[in-house]
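Novice: Sequence:
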Amino acid sequence: MLMSPSPIIAAANANDTALSVEQQQQVKAIIKDALTNDPELLKEAIIALQIREQQGAESAAQSVLQEHHQQLYNTASDPFKGAENPEITMVYFTDFNCPYCKKIEPAINKLVEQYPQLKVVIKMVPLQGEGSRVATELAQTVWLNEPEKYLTLKNKLMESPRGLNGNTIAKVAKMTNTEHWLTNTDPAVAKQVHDNLTLMRNIGLGGTPSMIIGDTVIPGLVSYEVLESTLQQAISSQENKKQAVNDE
432 MLMSPSPIIA AANANDTALS VEQQQQVKAI IKDALTNDPE LLKEAIIALQ IREQQGAESA
492 AQSVLQEHHQ QLYNTASDPF KGAENPEITM VYFTDFNCPY CKKIEPAINK LVEQYPQLKV
552 VIKMVPLQGE GSRVATELAQ TVWLNEPEKY LTLKNKLMES PRGLNGNTIA KVAKMTNTEH
612 WLTNTDPAVA KQVHDNLTLM RNIGLGGTPS MIIGDTVIPG LVSYEVLEST LQQAISSQEN
672 KKQAVNDE
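The numbers in this note's numbering rise by one with no breaks, and the one at position 64 of the sequence shown is 495.
A portion of the hints provided could be inaccurate.
Distance windows between CB atoms, simulated [as the list claims (entries may be wrong)]:
hint, residue 1, residue 2, range
1, Y531, A619, 24 to 34 Å
2, D646, V458, 34 to 44 Å
3, Y504, K622, 43 to 53 Å
Just so you know, the hints here were simulated from the structure itself, not pulled from any lab data. Even glycine gets a Cβ: it sits at the ideal position worked out from N, Cα and C.
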């Protein structure tokens with residue numbers, strides 16, 4: 432159990448400008464003497480500072496997510512899988528050449544299967560070379576023009592065990608009957624990709640995979656259990672908010 436900061440620690444946070452120079456020196460001497468004679472006070476101060484910094488970081492993160500909520504969850508040109516009329520939505524930033532994205536795909540697919548009320552918004556970002564760019568442009572073009580072929584194409588591209596290149600992408604396009612889009616990129620794709628990359632930067636994501644569920648950002652490769660636990664917490668929080676509104 433954490434103790435409330437002592438009066439001495441509170442004094443350390445006081446506004447020094449309210450004191451004269453001599454008084455400030457006296458306060459500092461008292462604090463120094465107290466910390467020397469009672470090291471527990473220093474531990475208490477460090478804990479209080481860590482809590483305050485953590486709370487500030489969480490508040491700032493939620494503020495950023497709220498600021499970009501519309502672009503995260505309601506961009507009409509974003510591909511998705513799962514529920515068309517969802518009760519809850521997850522945003523997933525991914526790169527076709529990212530090995531960790533390839534590894535997390537089965538967990539995300541399982542999540543969609545286990546939670547039919549879930550929608551996963553897919554934001555493709557070409558961070559890893561020319562192969563990523565070509566694959567992203569192809570997949571986004573297919574989504575905009577033949578959306579029924581998108582998930583099959585995406586899954587085949589993700590199942591490729593090696594870094595994607597032009598030959599591999601062409602083979603996948605032929606397998607999925609989407610090769611006619613390889614040299615016919617939709618004009619809207621360039622803006623979509625640029626917007627996705629800008630959004631990542633604006634909300635402070637450093638790479639892929641990155642997932643957002645509710646107010647929680649999940650960076651990097653995590654287990655299915657972590658994804659499911661975060662989703663369940665978001666569902667519970669959403670239900671509590673609904674209940675609070677109904678009770679008013």
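Novice: Now look at each hint and say whether the structure bears it out.
Specialist: Here's how the hints hold up against the structure:
no. : hint                      : verdict
1   : Y531 <-> A619: 24 to 34 Å : holds, 28 Å
2   : D646 <-> V458: 34 to 44 Å : holds, 39 Å
3   : Y504 <-> K622: 43 to 53 Å : violated, 18 Å
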